[in-house]
Amino acid sequence: MALFVLKRVAALVVTLLVASFLIYGSLYLAPGDPATQLAGGRATPEMLDQIRERYQLDEPFVTRYWDWLTGVVQGDLGQSFVYRQSVSSLLTPRVGNTVFLVVYAAVLILGVGIPLGLSSALHRRLGSGVTVATAIGMATPAFVAAIVLITIFAVGLGWFPVFGPGEGFVDRLWHLTLPALALAFSWVAYSTQVTKASVREELGREHVETARSRGIPWPLIVRRHIFRNALIPITTVAGLTVAGLIAGAVVVEQAFGLNGLGSFLVQAASQKDFAVVQAISLLLVSTFVIANAVVDLLNGVLDPRQRLGGSS
Amino acid sequence: MVARSHEDRRRRSVHRLRLLLVAALALTALLLAIAVSACGGSDESSGDKGAASELQYSTPPADGVVDEITWNLGYGEPTTVDPLKAGDYGPCFIASQMHDTLVRYTPEWELKPCIAESWDQVDDLTLVYTIRQDAKFWDGSPVTVEDVLFSMKRHMDPETGSIWAAFYSYVESIEQTGDWEITVKFAKPDELFNKEMGTVGGAIVKKDYVEKVGEAKYGSGENVMGSGPYKMASWKPGQEIVLEANPDYWDPELVPKVAKVTVKFISDTSTVTSAILSGEIDGAYGIPATNIPALESAPGTIYYGPSLTVVEVVPTNGDTPMGDPNDPDVRTALSMAVDRQSIVDTVFNGHAVLNKTFTPPSAWDPEAIDVYQAAYDEIPGDKPDIEGAKALLEGKEGLDKPLVMAMAAGNEEELRVSSIVQQAAKDIGITIELKPLNAMDLANVFYVPEYRKGIDLVMTWGWLDIPDPLDYTSLFFGEGALFNWIDYRNAEVEALLDEARQTFDPTQRAEKFVDAQAIYTADTVVVPLVNPDESLYMSDGISGAPCSFAYMWIPGLAMIGGTE
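From first to last, the protein sequence lines are chains A and B. Here the first sequence stands for residues 15 to 326, numbered as in the numbering used here. Here the second sequence stands for residues 259 to 822, numbered as in the numbering used here.
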C-alpha cells in the first residue's frame with residue numbers, strides 16, 4: 015500500500031511537471047500579444063513596450079517558466095497580469111463553486127444513474143422506458159439542458175435563480191440545483207447505460223446460472239455475483255466522469271453565470287494569462303491523476319486479481 | 259418451433275426499437291423547440307417593451323430610497339477600477355461611480371463643476387482651476403490640491419502607462435498657483451483638454467493611498483480610494499463588486515438613494531435575458547438589439563439614448579486596391595454600395611442612426627450645429643448606389659482576390675452588420691471573407707502590424723470619449739495614428755484639424771473641421787456605417803439613471819431612486 019501511494023505520488027509529480035512545461039510552452043508559442051489587452055483604446059507603441067516590460071511579457075520562455083516554477087515550489091502561484099492580482103486570490107472563490115457543482119452533479123449522476131441502470135437491467139419492462147430516456151439524455155448537450163431548465167424552472171416557475179453560485183450551504187444547494195442538473199443530464203444517461211450493459215453482461219455469466227441452479231436467493235446473487243462484478247467497469251467510468259466534469263462544467267458555468275474554474279480557464283487561455291492557465295490546468299491534471307488512483311484502489315478492492323502492487 | 263419464436267421476438271424487438279427511436283426523436287425535437295423559443299428571436303414580437311420612441315438623455319428622476327439593486331455589466335468583469343488603467347466599458351463605468359472628476363458632465367453633456375468648483379481659460383495657453391474645499395475621500399480625509407496635482411501628473415508619467423496620456427499631450431506644466439488653485443500651461447492651445455477632464459482621464463485619486471498600495475496595484479481587487487458617491491464594499495473575483503453608498507458625499511444632488519448596488523458581470527446574453535425576465539437583474543446598459551424582442555415581458559423598461567458609439571470598416575493594408583492611400587475609388591465604391599438604412603432597420607430594429615462619416619451627428623457642438631449639419635448634408639451615403647459604385651470600379655485591377663475582414667467573434671449584432679457589408683461588396687463584384695477574432699486577437703490586429711498580415715479590413719466598434727469630433731479624428735490622421743493603418747497622409751487635413759483643436763470658438767472650430775471632413779470623406783479613409791443608440795434597462799420601481807453615453811463618466815448609479 016505504501017509503495018502504491020509512493021509510486022502514485024511520484025507519477026503525479028512527474029505528470030504535473032511535464033504538463034506544466036507543455037502547457038506553458040504551447041501558450042507561449044501560440045500567436046497573440048497579451049499586452050494589447052491592457053492598452054485600452056488608444057495606446058502608442060511605447061506604451062505597449064512599457065506594459066510588456068512591467069509584466070515581463072518580453073522575457074524569453076525559459077526565464078519565465080523558471081520564474082514561475084520556482085515560485086510554485088515556494089507556494090506562490092504567481093500573478094494574473096490581466097487582473098494584477100495573485101492567482102490564489104482569484105482562484106479561491108472559484109474553486110469552492112466548481113467543487114460544489116461537480117460534487118453535486120456527481121451525486122446526481124451516480125445516485126440516479128447506477129440504480130436506474132441496475133433496475134433497468136434486471137427488469138426488462140422498465141428497461142425500454144429507460145432506454146428512451148437515456149437516448150434523449152445522451153443526445154441533449156449541456157447548454158440545451160441549461161436553457162430548457164432556466165426557461166422552465168427559473169423564468170417560468172421562478173423556483174430557482176437564473177444565475178450565481180449563492181452563499182452558505184443551503185443557498186448554494188438552491189442556486190446550484192439547475193446547473194448540477196444541466197451538467198449531470200447527459201452523464202446520468204451515460205452512467206445508466208454503462209451500468210445496464212455491464213449488469214446485463216454479468217447476468218448471462220455461467221457463475222450466475224450456477225448460483226441460480228443451486229437455489230441461492232436472487233437478491234443475494236444480484237448483490238454478490240452480479241452487481242459486485244459489474245461494479246468494476248462502472249467504477250472506472252464513474253471515476254473518469256467525475257474528473258471530466260470539471261472541464262465539462264465550462265458550458266454550464268457560462269450559462270448560469272457561475273464563476274467557476276472552467277469558465278475562468280477558457281477566459282484566461284484566450285487572454286494568454288499564463289499564471290492563471292497554469293494553476294487551473296495543474297489542478298485539473300491533479301484531479302485526473304488522483305481520480306485514476308482512486309479508481310485503481312477501488313477496483314483492487316472489488317477484484318482480488320487486480321490487487322495493488324501489480325505482481326500478476 | 260423454437261426458431262420461430264426466436265424470430266418473432268427479434269421482429270418484435272426491432273419494431274419496438276423503431277417506436278423508441280420515433281419517440282426519442284419527437285422528444286428531442288420538442289426540447290429543441292423549447293430551447294429555440296427560449297433563445298428569443300421570434301419575429302412577431304419586435305415591438306419595444308415600454309420604450310420611448312424618442313432618444314432621451316436621462317430617465318425620469320426618482321427620489322425614493324431603495325435598499326438594494328443588482329446591476330449587470332454585460333461586457334464582463336472589470337480588469338481594474340483605476341481610472342488611469344480603465345479603457346473599457348466595465349472599468350470606466352465602475353471607476354466613475356467611485357471617483358470624482360475635475361469637471362463633470364450632465365447626462366445632456368453640459369460641463370459642470372466637480373472637484374474644480376470653477377475654471378477659467380485665462381488665455382489660449384493658460385487654464386486655471388479652483389479646487390473645492392469640502393470634498394472628502396471615503397476615509398474622511400479632505401481632497402487636497404496635492405491629490406489633484408498628483409492625479410493629473412500621474413497621466414503624464416510614462417512609467418505609469420496611463421491609457422489617457424494622450425489627453426495631456428499638449429500640456430506643458432501643471433502647478434499649484436494658490437491655496438486652492440491649479441494652473442495648467444499648454445505648449446499649444448487645446449480646446450479638448452477641459453472637456454476631457456470630465457472623463458476618467460480627469461479622475462481624482464488619493465496620493466497617499468496610491469503610493470501606499472503602489473501604482474501597479476491601485477485599482478486591482480479592493481485597492482481603491484476615491485471621493486465619489488459610491489464606495490468599494492467588496493470585490494469577489496468573477497462574481498460581483500458590491501458598491502456601498504457614501505452618505506457623506508459633498509454634492510447633495512448625488513448622495514445615493516440606493517444604499518447598496520451589487521454589480522454582476524454576466525456576459526452570456528441569453529443568461530442576461532433570463533435574469534432580467536426573472537427580475538434578478540434590475541439594470542444594465544448596452545442591451546444587444548438582438549435580445550430586445552425577448553425582453554417583451556420583462557418587469558421593467560428599456561430606454562434609448564444618444565450614443566457616441568460608431569461602427570465602421572477600416573482598411574488595414576495600403577498596398578492593396580482597397581487600402582491604396584492615394585486612390586480611394588475601391589473604398590468609395592464599397593461605401594456607396596452599403597445599405598446603411600437596412601443595417602439600422604434590420605440589425606438594430608431602428609435603434610441606430612446611419613452614419614455617413616465616422617464621427618456621428620451626436621458629437622456635434624450644439625452651438626455650431628448649423629455648420630455641422632450643412633456640411634453633413636453634402637456627404638453622400640443616405641442610400642446605396644450600386645450602379646455608381648460599379649462605374650467607379652470600371653477598369654480597376656486586382657479585385658478578383660477575396661478580401662478578409664476581421665471582426666469580433668461571438669457578437670450577433672456584429673455578425674449581422676458584417677453580412678450586410680459582405681452582401682454590398684458582392685453586389686459590386688468584390689468577395690469579402692469574414693474572420694471572427696476573440697478580444698485579444700482583435701486587440702493584436704489594432705496594435706501590432708504583423709497581426710494585420712492577411713487581413714484587408716477590420717470592422718470596429720469604437721466610441722468617442724466626448725461629444726467632439728476632434729476627440730476621434732486624432733486617431734485617424736497623421737503619421738502613426740492608431741487607425742491610420744494605410745498611411746493616409748494629407749497635409750491640408752492634418753493642418754485644418756490641428757488648427758481646429760487650437761480654436762476655442764465653437765463656430766470657427768466647426769468651420770475648420772468641416773473643411774477637413776470634406777476632404778477626408780471624399781477620400782473615404784474609412785467606410786462609416788452606423789451610430790447605434792445607447793440602450794438601458796431598468797426594472798419597475800427604479801428610475802433616474804442617465805441614458806446618454808455620458809453614463810460612462812458620471813456616477814449615474816447615484817442618480818437612481820425608487821419610483822414609489
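Heads up, some of the hints might be wrong.
With a straight-line Cα cutoff of 16 angstroms, these simulated EDC-like cross-link-like pairs (lysine to aspartate or glutamate) come out [unchecked claim]:
#1 B:Lys684 <-> B:Asp635
#2 B:Lys494 <-> A:Glu220
#3 B:Lys648 <-> B:Asp577
#4 B:Lys711 <-> B:Asp577
#5 B:Lys641 <-> B:Asp597
#6 B:Lys711 <-> A:Glu181
To give an idea of the chain B side of the interface with chain A (calculated C-beta under 10 angstroms), a few residues [to be verified]:
#7 Gly345
#8 Leu407
#9 Ser528
#10 Thr531
#11 Leu740
Estimated spans, in silico, between C-beta atoms of each pair [said to hold, decoys possible]:
#12 B:Lys659 <-> A:Phe75: 51 to 61 angstroms
#13 B:Glu469 <-> A:Val113: 45 to 55 angstroms
#14 A:Gly258 <-> B:Met414: 19 to 29 angstroms
#15 A:Gly89 <-> B:Asp382: 42 to 52 angstroms
#16 B:Lys659 <-> A:Gly143: 37 to 47 angstroms
#17 B:Thr364 <-> A:Gly89: 10 to 20 angstroms
Derived from the structure by calculation, the hints contain no laboratory data. We treat Cβ as the ideally placed atom computed from N, Cα and C, and that holds for glycine.
The hints, checked one at a time:
1. Only pairs whose Cα atoms come within 16 angstroms are accepted, and Lys684 (chain B) paired with Asp635 (chain B) is rejected, the gap being roughly 28 angstroms.
2. About 59 angstroms separates the Cα atoms of Lys494 (chain B) and Glu220 (chain A), which puts this hinted pair outside 16 angstroms; it is violated.
3. Between Lys648 (chain B) and Asp577 (chain B) the CA atoms are separated by roughly 22 angstroms; this puts the pair beyond 16 angstroms, and the hint is violated.
4. For a cut-off of 16 angstroms, the pair hint linking Lys711 (chain B) to Asp577 (chain B) stands: about 11 angstroms separates their Cα positions.
5. Restraint check for Lys641 (chain B) and Asp597 (chain B): the C-alpha separation of about 6 angstroms stays at or below 16 angstroms, so the hint holds.
6. For the given pair, Lys711 (chain B) sits about 48 angstroms from Glu181 (chain A) by alpha-carbon distance, which is inconsistent with the 16 angstroms threshold.
7. Annotation: Gly345 (chain B) was flagged as interfacial toward chain A, and the flag holds, the nearest CB pair being 2 angstroms apart, inside 10 angstroms.
8. The beta carbon of Leu407 (chain B) comes no nearer than 22 angstroms to any beta carbon in chain A, farther than 10 angstroms, and the hint placing it at the interface is violated.
9. With a cut of 10 angstroms, the hint placing Ser528 (chain B) at the interface with chain A holds, because the nearest CB-to-CB distance is about 7 angstroms.
10. The closest approach between the C-beta of Thr531 (chain B) and any C-beta of chain A is roughly 9 angstroms, which is under the 10 angstroms cut-off, so the hint is satisfied.
11. The beta carbon of Leu740 (chain B) is positioned within 10 angstroms of a beta carbon in chain A (closest approach about 6 angstroms), and the interface hint is therefore held.
12. Take Lys659 (chain B) and Phe75 (chain A): their Cβ atoms lie about 37 angstroms apart, and the range 51 to 61 angstroms is violated.
13. A C-beta distance of roughly 39 angstroms is found between Glu469 (chain B) and Val113 (chain A), which places it outside the suggested range of 45 to 55 angstroms.
14. In this structure the supplied range 19 to 29 angstroms is violated for Gly258 (chain A) paired with Met414 (chain B), their Cβ-Cβ distance being about 52 angstroms.
15. Between Gly89 (chain A) and Asp382 (chain B), the C-beta spacing of about 59 angstroms breaks the proposed range 42 to 52 angstroms.
16. For the hinted restraint 37 to 47 angstroms between Lys659 (chain B) and Gly143 (chain A), the CB-CB distance of approximately 59 angstroms leaves it violated.
17. Judged by the Cβ atoms, the range 10 to 20 angstroms given for Thr364 (chain B) and Gly89 (chain A) is violated: they are separated by roughly 51 angstroms.
The earlier numbered hints that this structure contradicts are 1, 2, 3, 6, 8, 12, 13, 14, 15, 16 and 17.
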